[in-house]
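Student: Sequence lines, in order, name chains V and S.
Going by the numbering used here, the first residue of the first sequence is number 1, and it counts up by one from there.
Going by the numbering used here, the first residue of the second sequence is number 314, and it counts up by one from there.
If you're looking for bench data, these hints aren't it; they were derived computationally from the structure.
Given the structure is predicted, the values throughout are model-derived calculations rather than measurements.
Fair warning: there could be bad hints in the mix.
[Unchecked claim] Which residues of chain S face chain V? A few of them, derived with a C-beta cut under 8 angstroms, are:
1) Ser344
2) Met365
3) Ala424
4) Leu455
5) Glu461
6) Met483
[As the list claims (entries may be wrong)] Listed next, with one range per pair, are the computed distances between beta-carbon atoms:
7) V:Val179 / S:Val529: 38 to 44 angstroms
8) V:Gly172 / S:Tyr352: 32 to 38 angstroms
9) V:Ser162 / S:Ala373: 22 to 28 angstroms
10) V:Asp207 / S:Leu345: 26 to 32 angstroms
11) S:Ala472 / V:Val300: 33 to 39 angstroms
12) S:Leu593 / V:Asn164: 43 to 49 angstroms
13) V:Asp207 / S:Leu593: 28 to 34 angstroms
14) V:Gln202 / S:Asn387: 43 to 49 angstroms
15) S:Asn387 / V:Pro261: 34 to 40 angstroms
16) V:Gly262 / S:Pro586: 35 to 41 angstroms
17) V:Leu160 / S:Val529: 44 to 50 angstroms
18) V:Asn164 / S:Ala472: 44 to 50 angstroms
19) V:Leu86 / S:Val529: 40 to 46 angstroms
20) V:Thr173 / S:Ala472: 39 to 45 angstroms
C-beta: ideal position from N, C-alpha, C; glycine also.
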Amino acid sequence: MSVSIAEDGAVARTRRRPITIAARLAPLIWVGPALALIIVVVLWPVVIMVHTAFQHISPDGFILGSAGWKNFVYLWQEPDLVPILLRTVIWVATIVIGTMSISLVMAQLFNQKFPGRRAARWALIAPWAASVMMTAIVFRWGLNANNGVINIMLHDLGLLKSFNSDASDWLGTPTSAMVWMIIVAIFVSIPFSTYALLAGLQAIPTDVYEAARVDGAGAWRTYVSITLPLLRPAFIVALLINMMNVFNSFPIIWEMTRGGPGHQTSTTTTFMYQLKQSYIGESAAMSVVNFGLVILIVIVYLRATVWNKEAAS
Amino acid sequence: MDAAIPAADLAVARSLDEPSVIKRRQWPAHSLIYAGLAYIVAIIFLLPYVEMIIAALRPANQILDRDYVPTHWNFYNFIDIWSTGFGNNLRISLEVAGGSTLLVLLVAVPAAYYTARQRFRGRGAFLLLVLVTQMFQPTAMLVGLYREFLSFGMLDSVAALILVNAGFNMAFAVWILNAYVSAIPIELEEAAFIDGSSRLGALFRITLPLALPGIVTALIFTFIAAWNEFIVALTLTTSPTTEPLTVTLNSYIGQYQVDWSHLFAGSVISTIPVIILFALIEGKVVGGLTAGSIK
Numbered sequence: 001m002s003v004s005i006a007e008d009g010a011v012a013r014t015r016r017r018p019i020t021i022a023a024r025l026a027p028l029i030w031v032g033p034a035l036a037l038i039i040v041v042v043l044w045p046v047v048i049m050v051h052t053a054f055q056h057i058s059p060d061g062f063i064l065g066s067a068g069w070k071n072f073v074y075l076w077q078e079p080d081l082v083p084i085l086l087r088t089v090i091w092v093a094t095i096v097i098g099t100m101s102i103s104l105v106m107a108q109l110f111n112q113k114f115p116g117r118r119a120a121r122w123a124l125i126a127p128w129a130a131s132v133m134m135t136a137i138v139f140r141w142g143l144n145a146n147n148g149v150i151n152i153m154l155h156d157l158g159l160l161k162s163f164n165s166d167a168s169d170w171l172g173t174p175t176s177a178m179v180w181m182i183i184v185a186i187f188v189s190i191p192f193s194t195y196a197l198l199a200g201l202q203a204i205p206t207d208v209y210e211a212a213r214v215d216g217a218g219a220w221r222t223y224v225s226i227t228l229p230l231l232r233p234a235f236i237v238a239l240l241i242n243m244m245n246v247f248n249s250f251p252i253i254w255e256m257t258r259g260g261p262g263h264q265t266s267t268t269t270t271f272m273y274q275l276k277q278s279y280i281g282e283s284a285a286m287s288v289v290n291f292g293l294v295i296l297i298v299i300v301y302l303r304a305t306v307w308n309k310e311a312a313s
Numbered sequence: 314m315d316a317a318i319p320a321a322d323l324a325v326a327r328s329l330d331e332p333s334v335i336k337r338r339q340w341p342a343h344s345l346i347y348a349g350l351a352y353i354v355a356i357i358f359l360l361p362y363v364e365m366i367i368a369a370l371r372p373a374n375q376i377l378d379r380d381y382v383p384t385h386w387n388f389y390n391f392i393d394i395w396s397t398g399f400g401n402n403l404r405i406s407l408e409v410a411g412g413s414t415l416l417v418l419l420v421a422v423p424a425a426y427y428t429a430r431q432r433f434r435g436r437g438a439f440l441l442l443v444l445v446t447q448m449f450q451p452t453a454m455l456v457g458l459y460r461e462f463l464s465f466g467m468l469d470s471v472a473a474l475i476l477v478n479a480g481f482n483m484a485f486a487v488w489i490l491n492a493y494v495s496a497i498p499i500e501l502e503e504a505a506f507i508d509g510s511s512r513l514g515a516l517f518r519i520t521l522p523l524a525l526p527g528i529v530t531a532l533i534f535t536f537i538a539a540w541n542e543f544i545v546a547l548t549l550t551t552s553p554t555t556e557p558l559t560v561t562l563n564s565y566i567g568q569y570q571v572d573w574s575h576l577f578a579g580s581v582i583s584t585i586p587v588i589i590l591f592a593l594i595e596g597k598v599v600g601g602l603t604a605g606s607i608k
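With the hints as extra help, turn the sequences into a complete structure.
Tutor: Given below as structure tokens:
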């Protein structure tokens, strides 16, 4: 059925301009289902979420009318909010900076030619393919105060005196818990970034390097003045996708500490989830704040992509 | 680093296409150093998953022992776990991941094909919307998703999970397929038109077969993402009999006790197929994820 309609569209254009309704509708037949899915699953929830943020909802789910800005006021009055916001900034910044710097080095290493490169690259996939949740759980297991393998190793190295102690209970204290969760988050973020940078490295034509060698540039000089600038587009996109993932990161914190003790290891994402259990309106308000930050990252992402130059043409 | 490779070496590298050359090739010393470093990194990235397997193979009475490997190994956890309803949750995961993959195929292929081949009003806006959804994550709008599917009466349903997973993974599929179709010369289709083929005929006989690697990549990627998805399933399901595997595994973590044996046996079982699938498309994923963004 779509055949004839699509062909009508093509014919209509070759004739004169009176575009038939069928020709107008042709794109909808091809693109419509995708559009419908985006509207139902991505856009409509945003509308509901914003609407909920202005509703007064009882803990058992009854809508008690409009709340005006009250949910936002309550959210602002949460004593934990400011520390959580600050922690979210630190969480995103340290993980993204750590991931991108380590990935730069790793992409360089895995771009070299050496025996067994393919196998070594495959190993990198593991944290990317396994769910983040499971990786977080394995680390929680390894950090177990009594018998975690990381603690066993530290003990054998002479760095840990006794098991079941404050020193071995990494996830029991907010600061050390945050440090370990950041390590896990960097660990699971590295594979994607490294592969993205590898793709960027491979897109650089080799004759640029040959020219640099002819000019007598050393390895470091070549890297700084050729590789890094040419890698910039890949780097920026990987950086922004990472920022988005890390900001929305939930399983690591949830599986390792559940945001506790108290809210002392929560970010805005896990805090929003905890609020959802009892204060849906306030949780929606937190979501709206989060979503505002997400939109900011998306705007930067759109400006950084080739969108304007290519796809719109 | 690159600059240090002598010209003769580059000549060898260029002829790497011939298998016989690879076999006889003498690796220079610095490439062995790179190999050593890369293997160390590779081992570090595999270790947590090796530990996952070791923990799954520990007998129940040795689960809390303080050693690197247990004195006895057993596979009982892998058998025992099936008596906990694990099979049912595995089936739900398969339905969710399979259904999402199918839906993405049905929705993304026509959209990607049409946007690659036709210039129409709203094309730019549509592609922009897709690019934006590629950046969005369901985590940011959980409250909205929960209340939407609550009002549809679709909590605890496989259909809801299929819709959400397909919706959030469709963008990647559209972009990678758009890139694949654009790379296929339109002349091939025009030749088919001249031979009397319809647009759909040309699509199915010429373009789709040529775009198959891209389609497979997009589908495997969607399947894995839906298979591993956790937080939407955690939010939209409320009973143990309707939840997919990730939520089941999470439920082995109680407030006071963790069922480590089943947790790790289940994790190992659910990770193996994913690693195999991912290895198949390893090189193509990033190209697709960043298609349309990196140039």
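Student: What are the numbers of the hints the structure violates, in ascending order?
Tutor: Hints that this structure does not satisfy do not exist here, as all of them hold.
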